[in-house]
Amino acid sequence: MRARALALSILSSAAVLTVGWQLGTQGQTSTAPDAAAPTTADSVTSDPTATATSRGGSTPSAAATPAPTPTATNGSVSAAAPASDGASGTFTGTSVQTRFGAVQVQLTVANGNITDVTALQLTDKDQRSVSISNRAAPVLRKEVLAAQSANVQGVSGATYTSDAYLSSLQSALDQAGH
Amino acid sequence: MGMHVFDTMGTTVSLRFAGATAPASVLDGVEGAFRAFDERFSLYRTDSEISRVARGELPLTRTGAELREAYAEALDWSRSTDGAFTPHRPDGVIDLSGTVKAKAMEAAARVLDSSGEADWMLVAGGDILTRGTLDGLPWRAGVVDPDDRGTLLCAVELVGRRIALATSGTAERGEHIWRTGDPRAPQRYRQVTVLADDIVTADVLATALVAGGPEHCPQLLNRFDIEAITVDNAGNLTATPGLQSTRGLTPA
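One line per chain: the protein sequences are A and B, in this order.
With my numbering applied, the first sequence covers 206 to 383.
With my numbering applied, the second sequence covers 775 to 1026.
Hints listed in this document are in silico derivations from the structure and should not be mistaken for laboratory results.
Hints may be right or wrong, so weigh each one.
Unchecked claim - Covered, in the sense of this in silico footprint (three residues per stretch, anywhere, with C-beta under 8 Å from a C-beta of chain B), are these stretches of chain A:
1. 342 to 351
2. 369 to 375
As the list claims (entries may be wrong) - Looking from chain B toward chain A, a few residues come up when the C-beta cut is under 8 Å (computed):
3. Thr-785
4. Val-897
5. Gly-900
6. Leu-926
7. Ala-929
8. Thr-967
9. Cys-991
10. Gly-1022
11. Pro-1025
12. Ala-1026
As the list claims (entries may be wrong) - Quick list of the computed label-pair ranges, beta carbon to beta carbon:
13. A:Glu-348 - B:Val-933: 17 to 23 Å
14. A:Val-349 - B:Ala-1008: 16 to 22 Å
15. A:Gly-294 - B:Asn-996: 23 to 29 Å
16. B:Asp-781 - A:Val-349: 27 to 33 Å
17. B:Glu-813 - A:Ser-372: 25 to 31 Å
18. A:Thr-299 - B:Gly-806: 45 to 51 Å
19. A:Thr-295 - B:Arg-819: 49 to 55 Å
20. B:Leu-911 - A:Thr-320: 49 to 55 Å
21. B:Ser-889 - A:Thr-320: 52 to 58 Å
22. B:Glu-813 - A:Thr-320: 47 to 53 Å
23. A:Ala-351 - B:Pro-1025: 19 to 25 Å
24. B:Gly-924 - A:Ala-342: 26 to 32 Å
Ideal placement from N, C-alpha and C gives every residue a C-beta, glycine not left out.
Kindly generate the complete structure, drawing on both the sequences and the hints.
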């Protein structure tokens, strides 16, 4: 599975994969009224990233969800080169539970290419509609914190050189011994 | 509080225990976990497997399964972050340093977990992973102030499922972009700290948010289950809801 994921990474175009992720919450059961859609669905289920992100951003596993049919492997590769004779239309996915609540998406396909992905349904645990938002809002510094007096046991910072530790606050904390 | 400090992977690792320091055999296992990743994945070691790949001596297809799996996983992260995180240097050489430190920390955590160690904080080159508490209180980590690396921006508690903290930054001081007043200059992050459920996610997303900048920040925050604190070139701060009132910060 790892080897396949690696091959997919190399073969698949970024654009297709981006869409593949967006489809991730949809799962593999998008309605497929014509021949174009199964190709799309296969590329989704074979995309290990989709599996990972639908779990809410946990460590991705290259162990892709096993595809339902033997043709799925071929399908995901062919997705890298979209069929030129694709159909057009809109396709609605099944509702899937995410950390934000239930999500259902609709695809718009034109000539075999996905042109839009729209969230149809997004509700929290109480079935109220919500918007996906984990927005970073402005904050201000309230106080100056000194490492030794801030009662911290560790220091998180970017390391730029191998000896960054020598001048770091972590070093000071470690030498303090507690 | 017991403590064990050692050097590995070009940085220093600090391991604190709420109680007594773990037995030497456990500490050896922790150091061994880091050493295994260092020997395989460090580009600064000319004898590492990845250095042989970088020099063209060893085809990727004939590397060990661990390296190929790590590469595949890094490529997954690259895709899921729309390329903001990448396992390739600008010259095309495979560089897994963006994930291997965090993966080594996870391996070390498995050693500690399987040894029954319940309350500890592992700090590796600015990345932090914890278990349990410090005498019933949350482990607490300071975030370096990028404007004055001798002080802290804020103090983050690692509590509940949020047990991993990582910070990425750009070494360049960005004010010159601001001073030029060039309206075309994109605003960029000097430093991003990510709090997550696991250290690989925290580390990768901190890197991806710095690389992607404010433009890609909203979609990454919506896509991944993380909290983040950003510092841009002008010194402006933002934080996601879970960190807006963390000690040292206050909502604007």
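Hint check results:
1. Given a C-beta distance limit of less than 8 Å, the hint that chain B covers the segment 342 to 351 of chain A holds, as 10 residues qualify and 3 suffice.
2. Only residues whose beta carbon comes within less than 8 Å of a beta carbon in chain B count, and the segment 369 to 375 of chain A has 6; three or more means the coverage holds.
3. Nearest Cβ of chain A to the Cβ of Thr-785 of chain B: about 6 Å, under the 8 Å cut. The hint holds.
4. Because the beta carbon of Val-897 of chain B sits about 4 Å from the nearest beta carbon in chain A, less than 8 Å, this interface hint is met.
5. At about 5 Å, the closest approach between the beta carbon of Gly-900 of chain B and any beta carbon in chain A falls short of 8 Å, and the interface hint on this residue holds.
6. Proximity of Leu-926 of chain B to chain A holds as hinted, the smallest CB-CB distance being about 4 Å (cut-off 8 Å).
7. This hint holds: Ala-929 of chain B has a C-beta 5 Å from the nearest C-beta of chain A, less than the 8 Å allowed.
8. For Thr-967 of chain B, the interface hint holds, the least distance from its beta-carbon to any beta-carbon of chain A being 6 Å, beneath 8 Å.
9. A cut of 8 Å between beta carbons decides the hint on Cys-991 of chain B: the least distance to chain A is about 6 Å, and the hint holds.
10. A hinted interface residue such as Gly-1022 of chain B counts as satisfied when its beta carbon comes closer than 8 Å to some beta carbon of chain A; here the least separation is about 5 Å, so the hint holds.
11. The beta carbon of Pro-1025 of chain B comes within 6 Å of a beta carbon in chain A, closer than 8 Å, and the hint placing it at the interface holds.
12. Look at Ala-1026 of chain B: its Cβ gets to within about 4 Å of chain A, closer than 8 Å, so that hint holds up.
13. Against the hinted window of 17 to 23 Å, the Cβ-Cβ separation of Glu-348 of chain A and Val-933 of chain B comes to about 21 Å, which satisfies the hint.
14. The hint said 16 to 22 Å for the Cβ distance between Val-349 of chain A and Ala-1008 of chain B, and at roughly 19 Å that hint holds.
15. With their beta carbons about 27 Å apart, Gly-294 of chain A and Asn-996 of chain B fall inside the hinted range of 23 to 29 Å.
16. Separation of Asp-781 of chain B from Val-349 of chain A is about 31 Å and conforms to the stated range, judged on CB atoms against 27 to 33 Å.
17. With their beta carbons about 27 Å apart, Glu-813 of chain B and Ser-372 of chain A fall inside the hinted range of 25 to 31 Å.
18. Remark: the range hint 45 to 51 Å for Thr-299 of chain A to Gly-806 of chain B is upheld by a beta-carbon distance near 46 Å.
19. The supplied range of 49 to 55 Å is met by Thr-295 of chain A and Arg-819 of chain B, whose beta-carbon atoms lie about 54 Å from each other.
20. At roughly 53 Å, the beta carbons of Leu-911 of chain B and Thr-320 of chain A sit within the given window of 49 to 55 Å.
21. For the pair Ser-889 of chain B and Thr-320 of chain A, the supplied restraint of 52 to 58 Å holds, since their beta-carbon distance comes to about 54 Å.
22. Taking 47 to 53 Å as the suggested C-beta distance range, the pair Glu-813 of chain B and Thr-320 of chain A conforms, at roughly 48 Å.
23. Judged by the Cβ atoms, the range 19 to 25 Å given for Ala-351 of chain A and Pro-1025 of chain B holds: they are separated by roughly 23 Å.
24. A hinted range of 26 to 32 Å holds for the C-beta pair Gly-924 of chain B and Ala-342 of chain A, which are about 28 Å apart.
Against the hints set out earlier in the document, no violation occurs for any number.
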